[in-house]
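Visitor: So the protein lines, in turn, are chains A and B.
Residues 1 to 319 in my numbering are what the first sequence lists, from first letter to last.
Residues 1001 to 1319 in my numbering are what the second sequence lists, from first letter to last.
What the hints contain is simulated information worked out from the structure, not anything from laboratory work.
Each statement offered as a hint is correct.
Only some residues are given here: those of chain A computed to face chain B with a beta carbon under 8 Å:
id, residue
1, 35
2, 43
3, 93
4, 139
5, 156
6, 159
7, 187
8, 194
9, 202
Label pairs and their calculated CB-CB ranges:
id, chain 1, residue 1, chain 2, residue 2, range
10, B, 1145, A, 143, 29 to 35 Å
11, A, 10, B, 1053, 33 to 39 Å
12, A, 51, B, 1108, 27 to 33 Å
13, A, 304, B, 1168, 36 to 42 Å
In this text the structure is predicted, and so the values were computed from the model without any measurement.
From the three backbone atoms N, C-alpha and C, an ideal C-beta is built for every residue, glycine too.
Protein chains: 2
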Amino acid sequence: VTRVAKVTTIAFGDRLTEYVTRRESQIVLGLDPDPARLWPHAVAQAGGEDASDPPAARAAAAVARHCRLVIEAAGEHCVAVKPQVASFERLGAPGWQALVDTVEAAHAAGLLVIADAKRGDIDVSAAAYAQAFLGETPTPWGPVAGLGADALTVSPYLGRDSLEPFVSTARAAGAGLFVLARTSNPGAADLQEREIAGVGTVAGVVAALLSDLGAPGTGTSGISDVGAVVGATAPHRLAELRELMPRAPFLLPGVGRQGGQIADMAAAFAIGPAGGLPSSSRGLVDAYLSSGAEPAAAAAAEAARLRELAWSVASGEVG
Amino acid sequence: VTRVAKVTTIAFGDRLTEYVTRRESQIVLGLDPDPARLWPHAVAQAGGEDASDPPAARAAAAVARHCRLVIEAAGEHCVAVKPQVASFERLGAPGWQALVDTVEAAHAAGLLVIADAKRGDIDVSAAAYAQAFLGETPTPWGPVAGLGADALTVSPYLGRDSLEPFVSTARAAGAGLFVLARTSNPGAADLQEREIAGVGTVAGVVAALLSDLGAPGTGTSGISDVGAVVGATAPHRLAELRELMPRAPFLLPGVGRQGGQIADMAAAFAIGPAGGLPSSSRGLVDAYLSSGAEPAAAAAAEAARLRELAWSVASGEVG
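Please put together the full structure from these sequences, using the hints given.
Guide: Pasting the structure below:
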């Protein structure tokens, strides 16, 4: 008799629900570090060491330090971090290492990691991106671990078969996806809000596709592993998209600087406390620029404020 | 009197036309290295050195060596290489370094580099990706150079304002973009081929947008710096999209393995020899698996065959 160890992977939706409930927060801490606008403390420390290193290495070290400081300051009020991959990638190989370090810091702080990469590609390339962020790559020299993110943002322009490799890798790893449906920028009107005769908007078509892809990955919480990115600046679309995607967790970027209001997000939470994840990046990290407080204290205060507000809205106390 | 040095940047369309004419080739050499399927020679060499290195470093070194060998073998018949960024990214920081090395090898061989990244994001994040691939990033420690690609593939789902930062960075650098319009996979039907009432398909809306964004970047050759990705598997769409985009160079992936036929691409070349860039990846790199020849010889023979065929079609001799 051959015994096979049974590996139990907890469905992403259940893991997300558990995190939100335990941490009593839906807030996602966005990290899109600009080397020219880091917290002064992170710059000063990085500048003092290895002055002979090339600019990419010094900038990447400062970026990693900045992200660690931001996580230490505001992480306790959040459920996840959302590193913007572009911000790291522009620093080359050292930048990718800074991203790896940031993921480690977030996990050490008990936070989920949503890699904001908005990848989208066909068959083997989609599978390669899934390996890069959520899985691992087999090689003749042994497996190479990916970033180890808990979830990944994905773009749907190439259609269903371009999303399936992401779904299968994510599902096997107990990870999740957040697929762009209706984004927070004005350009969302150019394609996403276009009306397809007799069907609905392009975003609505995407929503139906995501609902279908996510159904088999629904946990006992009722939350699926295929979520959607819905811009917090489009509250009038939230209820409509929630109806089309009754199991998808919504990642809600655009809080703060882009004008999204948590009070408008009640529809996202109609399926439970993990139904909506409001995300704020510069609204938290740059709070000190307007408040006059220390960067860490200002970020913590703003994160605490958003956390309380979202928790109230999700509990039906506001909205 | 302050004198400002005038930097003359050659428009991407003119540079592309010059490369195609001089090299007498429109063929793009796709590089999507899978560490488990590299040319045996690249694996053997990498395996013999630094056996104590972690798998990522050894796999990345082998990937870089493989890409260099492929470029040495088939590059002379091509005008550009198209590294698939996912294939490198899944090896982490060493993978990014292998991508840098591959770009250097391509440039040293006199080839253009089209980074196949399919990025798409909003405002500052789009600008950060443009810095990563086509520009540079200012930091307190000096500028950090990006990848130095000559062109980048981009996804349009987020609309016009998400493309503009890519266009401005590309244009300033004399680089180009290839924006996804109608891709080569079956899933293209899910969104791209949907009919918007009274307007045309979603791909047609993208085409009109690209034509508009590219107009100010048209060189004296009549070729713009905003190109389009048009799957070589959709010849029935080519003429239609060429009409909507009379200045855009078309990147035509899907030749070979995916069933695209160069003989069907005449419409792409209606605007000149640089109007169409047929791309083949595994069709070239894996030619040895079916031909029985050495990998290098098989790739060179297949690249020469595609080159001659495309040149004939572009010259109106076939098609």
